[in-house]
Amino acid sequence: MRPRYFVIALSLAASLAGSGTEAQTQPGTPRPPVRIALDEAVNMALAHNHALAAARLNIQQSQAQEVTANLRPNPVLLADAQFLPVFNPNQFTGDYVDQVAQFDMGVSYLFERGRKRQNRVQAAKDATGVTIAQVADNERQLAFQTASTFVAVLLAEANLELAREDLKSFSNTVDISDARFKAGDISEGDYLKVKLQLLQFQTDVSQAELARIQSLVALRVLLGFESVPADYDVAGTLEYAPVRTGRDDALALAQQHRPDLYAAVKGVAAARSQYDLAVAGGKVDVTGQVNYTHVAALSSLSFFMNVPLPVFNRNQGEIARTRYAVTQAEELRRAAEDTVLGDVSGSYDGVTTNDKVVQLYRSGYLDEAKLSRDISEYAYKRGAASLLDFLDAERSYRATQIAYRQSLASYMLAVEQLRESTGTRSLP
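Mapping to the working numbering: the sequence shown position 186 is 186, numbers consecutive.
Heads up, a few of these hints could be off.
Computed list of lysine-lysine pairs in BS3-like fashion (alpha-carbon distance at most 30 angstroms, straight line) [to be verified]:
| no. | residue 1 | residue 2 |
| --- | --- | --- |
| 1 | K370 | K125 |
| 2 | K370 | K381 |
| 3 | K168 | K125 |
| 4 | K370 | K195 |
| 5 | K381 | K168 |
| 6 | K168 | K193 |
| 7 | K381 | K195 |
| 8 | K168 | K182 |
| 9 | K125 | K381 |
| 10 | K356 | K182 |
Across the chosen pairs, the derived CB separations fall in these ranges [stated by the list, open to error]:
| no. | residue 1 | residue 2 | range |
| --- | --- | --- | --- |
| 11 | T203 | D389 | 19 to 29 angstroms |
| 12 | S386 | Q207 | 49 to 59 angstroms |
| 13 | R395 | E209 | 18 to 28 angstroms |
| 14 | H257 | Q207 | 57 to 67 angstroms |
| 15 | A183 | V34 | 30 to 40 angstroms |
| 16 | H257 | L309 | 46 to 56 angstroms |
| 17 | H48 | D389 | 52 to 62 angstroms |
| 18 | H294 | I59 | 49 to 59 angstroms |
| 19 | Q207 | Q61 | 44 to 54 angstroms |
| 20 | D389 | L199 | 15 to 25 angstroms |
| 21 | P89 | H294 | 18 to 28 angstroms |
| 22 | Q102 | A64 | 39 to 49 angstroms |
| 23 | Q61 | P33 | 34 to 44 angstroms |
| 24 | V221 | P428 | 25 to 35 angstroms |
The set of hints was computed from the structure by calculation and includes no laboratory data. It should be emphasised that the depicted structure is a prediction, and the values quoted were computed from it without experimental measurement. Think of the CB as a built atom: it goes at the ideal place given N, C-alpha and C, for glycine as much as any other residue.
Modelling step: build the complete structure from the supplied sequences, incorporating the hints.
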């Protein structure tokens, strides 16, 4: 019997859980705010950013040009009627039409030589490859912009949290100073100085709230306004995560993943295909034509061939231009390689430098600043320290906390720059 009772108990528990879920999803229940993490924000930007969507359409346009490049020339239909007695309609008889009038009908076709169509197709495909790489580079830059703005939101929220904590703590100090003033422990001047200092903390909170709102709006522009609600928020905090990737490993990743470098390499191939197309353009094309003629009661066929003589125009200028364009593309590829090397070196040095700064704060300066503030506050509340000493310790603590948060944000931004410079968000 016990297994039976156990099954019944499980059924009751499941029904109660289902009813609780229905109660939570009933209309009118306040919906929790949408919170997005960093990786989720990057994916949303890549999926919904309108500027990137417009850039991606360049790929379809380039692929359509491949279709155009692969088209063959259209044949030309020729027809004429001669010696018709338009001004002497009495002569318009069947014999006259058969014996005197002349009718011609023919078809001509341009035969391309030098593999022009194949070279056009190859040039169009190489151009599409460049476009694809350029769009991928747009994605890389958008991912960095989104991550940078996301870090700015985290910094604004961290500063807002600190400002609110400082305001709450200092409001307590003002209340204590008010009690001491009424008890005659401090002068009215010192009390007013403490009370006026409260205005600075209130202003810091307002400015931090404004910075948070502006950062969220800037992030929403990158994500696409319609992809997130107006009251959305970010998930995460400013945090330190050490980077294990070495300089040589970062450079190897960049050479493998950087889309702008790949675009430069494809640019060389595209320039060479344009040169091949220009050489093919120097080959003369042949136009063939076949005509059917009816005249003097006779029907006949005629064949014609039209071959331009390449005496003056052999496409020399375009061949020379594309030859120089190949050299230019190779120089641009070398420039892209130098840019990648400089980006990786600069971003890696930025990570190591900001890492050292963060470690300085974490080595004891944060604790010392807090301890100094707490000691001064404790001493001031009990009349053992002057107002100036307390305010100076408070300012030093706030400055240290703000600087530490800024150093964390700078470190996280440097890591994002390293990701951008390597062309991948997955750093080993």
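So, going through the hints one by one against the coordinates:
no., hint, verdict
1, K370 / K125, "violated (63 angstroms)"
2, K370 / K381, "holds (16 angstroms)"
3, K168 / K125, "violated (64 angstroms)"
4, K370 / K195, "holds (22 angstroms)"
5, K381 / K168, "holds (16 angstroms)"
6, K168 / K193, "holds (17 angstroms)"
7, K381 / K195, "holds (14 angstroms)"
8, K168 / K182, "holds (21 angstroms)"
9, K125 / K381, "violated (77 angstroms)"
10, K356 / K182, "violated (49 angstroms)"
11, T203 / D389: 19 to 29 angstroms, "holds (23 angstroms)"
12, S386 / Q207: 49 to 59 angstroms, "violated (29 angstroms)"
13, R395 / E209: 18 to 28 angstroms, "holds (21 angstroms)"
14, H257 / Q207: 57 to 67 angstroms, "violated (40 angstroms)"
15, A183 / V34: 30 to 40 angstroms, "violated (51 angstroms)"
16, H257 / L309: 46 to 56 angstroms, "holds (53 angstroms)"
17, H48 / D389: 52 to 62 angstroms, "holds (54 angstroms)"
18, H294 / I59: 49 to 59 angstroms, "holds (53 angstroms)"
19, Q207 / Q61: 44 to 54 angstroms, "holds (46 angstroms)"
20, D389 / L199: 15 to 25 angstroms, "holds (20 angstroms)"
21, P89 / H294: 18 to 28 angstroms, "holds (21 angstroms)"
22, Q102 / A64: 39 to 49 angstroms, "holds (45 angstroms)"
23, Q61 / P33: 34 to 44 angstroms, "holds (40 angstroms)"
24, V221 / P428: 25 to 35 angstroms, "holds (32 angstroms)"
In this structure, the hints that do not hold are numbers 1, 3, 9, 10, 12, 14, 15, in rising order.
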